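Chain H is already provided as a structure; the job is to place chain P on it using the hints.
Spelled out from the first residue to the last, the chains are:
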Amino acid sequence: MTDGPILRIDGLSVRFGRTLALDNVNLVLSAGSVTLLAGENGAGKSTLLWAMSGLLIPTSGRVSAANGKLPSVGFLAHQPFLYEDLTVTENLELAARLSGMPDPADQAREAVERVGLGPHAAKRVSALSRGQIQRAAFARAVLPGPRLLLMDEPFSNVDPEGIQTLSAILRALRSPDRAIVIASHDRKIMPDISPILVELRGGKLLS
Amino acid sequence: MTEIAAAEFKIEWRSPSAWVTSLLFAFLVLLTQALAFPAHLAALPEISFAAFFVSAFFAGILSENARLARDRRSGTPYFLALSAAAPERVFAGKSLAAFAILCLIQCFLFPFLVLFFNLPFAPAWPSALGLCLTANAALACLMTLFGTVTFAWKGVGASLGLPILILPMALPVLAAASIGSSLAWAGEPMVHYLKLLLATDIAVAVVGALSFGKLLGRA
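From first to last, the protein sequence lines are chains H and P. Just so you know, we're using the working numbering here: the first sequence kicks off at 15 and counts up by one. Just so you know, we're using the working numbering here: the second sequence kicks off at 23 and counts up by one.
Hints are computed from structural coordinates only; laboratory data are not their basis. One or more of the hints may lead you astray.
Stated by the list, open to error - Part of the chain H face toward chain P, derived, beta carbon under 8 Å:
(1) Phe30
(2) Pro85
(3) Leu96
(4) Tyr97
(5) Glu98
(6) Leu100
(7) Arg111
Said to hold, decoys possible - Think about it this way: if two alpha-carbon atoms lie no more than 30 Å apart in a straight line, the pair counts; the simulated BS3-like pairs of lysine-lysine are:
(8) P/Lys32 - P/Lys176
(9) H/Lys83 - P/Lys236
(10) H/Lys218 - P/Lys32
(11) P/Lys236 - H/Lys137
Stated by the list, open to error - Derived list of chain P stretches under chain H, where covered just means 3 residues or more per stretch with a C-beta under 8 Å from a C-beta of chain H:
(12) 26-35
(13) 94-107
Only a predicted model underlies this, so the values are computations on that prediction, with no experimental measurement involved. No residue lacks a Cβ here, since even glycine has one placed at the ideal position from N, Cα and C.
For reference, chain H alone in the conformation it holds in the complex:
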């Protein structure tokens, strides 16, 4: 199912003051792959995802794409990347518009329904629970159909029913031209899709 590399990480190190968050990480993300970044709290999983997204400039090393241009990125981070004073639908509609999708209003409505937020579509993000915000952020990340999907603890604060819904969406998102990276301290997250396990410890890649 896998194809050529979507993203290549060579000798990546990130230092925050005196803390070495990532130490000489080398990794290739292939199209069609699902990678599970496992590791304990503070292992460097989130930092690696930020570096992959292109939003974090590494101290040394580089993140490069096969064709020289970074792929479109959908990023579910700890922050929701949602406007608090816009409704769920308005946030997703803006995301669809900025991605140049046709019928952004319809796309947003469908995305809201897909993540099970239909009854809360007209609520402002600031009025949602943390689990609902996570669902909305998930919808925002996957809506434009990015080639590289980065998910940092995608199911945190989500109830069991929500986890099933979001897992089903993630499974459906597997595609030969997309790479998915999930960072989690839980190695048993989505065992049915047999992700490639990559373990981080103290900023170093173990496997």
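Only chain P this time, still in chain H's reference frame:
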């Protein structure tokens, strides 16, 4: 561009605590200046227009800082950075929203300017309006640019970064707008001040558009 501007403006409008604070602050700054100057000085158009532009600018900074605090909580600039929208488009959209907010603050302040400084209705008002809009464009672009520079700053820098960085760049704009308006008021030519402000608009917009992608963190 308009979708980003509309979203940013809608958010501002839906945060009444932020804009009521800004408007009240603008009013108090204008009132303080009106009371601080002796009557014969307050009657000078240089003083009244400077008071007006300074009040609106400080209120604009307050509003921008509140918006930055919200952005830091939600991380929305990262969403814009990862979107397919061109950085220039994002810069233009955010600047347009800041421009609209500055204009709104000035619309609110205008009756108080006339009242506190006893300014009569005169043929010079359209020229002053032109200068005001041109100055607002430069100030809005500067706010967007330096707001993005300081977005990732933490601690005291997060609160003070924007005012400290923007002040040296904004002062010449405020001075040109104030002097130009007072010249227009006196019936003297102010075209060179208008040209100066237009040149500033273009320079700031070009620098902002070219550097915005890097500032957003887009690789």
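Hint-by-hint comparison with the structure:
Residue-level restraint check for H/Phe30 is violated (minimum Cβ-Cβ distance to chain P is 12 Å; threshold 8 Å). Hint status for H/Pro85 relative to chain P: violated, with the closest Cβ pair at about 11 Å, above 8 Å. The interface hint given for H/Leu96 holds, since its Cβ lies 6 Å from the closest Cβ of chain P, which is under the 8 Å cut-off. Interface restraint check for H/Tyr97: the shortest CB-CB distance to chain P comes to about 6 Å, inside 8 Å, so the restraint holds.
This hint holds: H/Glu98 has a C-beta 5 Å from the nearest C-beta of chain P, less than the 8 Å allowed. Against a cut-off of 8 Å between C-beta atoms, the interface hint on H/Leu100 holds, since the closest Cβ of chain P lies about 6 Å away. Taking 8 Å as the C-beta contact cut-off toward chain P, the hint placing H/Arg111 at the interface holds, the least distance being around 5 Å. For the given pair, P/Lys32 sits about 26 Å from P/Lys176 by alpha-carbon distance, which is consistent with the 30 Å threshold.
A threshold of 30 Å between alpha carbons decides the hint, and for H/Lys83 with P/Lys236 the separation of about 15 Å falls inside it, so the pair holds. For a cut-off of 30 Å, the pair hint linking H/Lys218 to P/Lys32 is broken: about 44 Å separates their Cα positions. Note on P/Lys236 and H/Lys137: the hinted pairing is violated, with a Cα-Cα distance of about 33 Å set against a maximum of 30 Å. Under the rule that three or more residues need a Cβ within less than 8 Å of chain H, the assignment of the stretch 26-35 of chain P holds, with 4 such residues.
Given as covered by chain H, the stretch 94-107 of chain P passes the check, having 12 residues with a CB less than 8 Å from a CB of that chain where 3 are the minimum.
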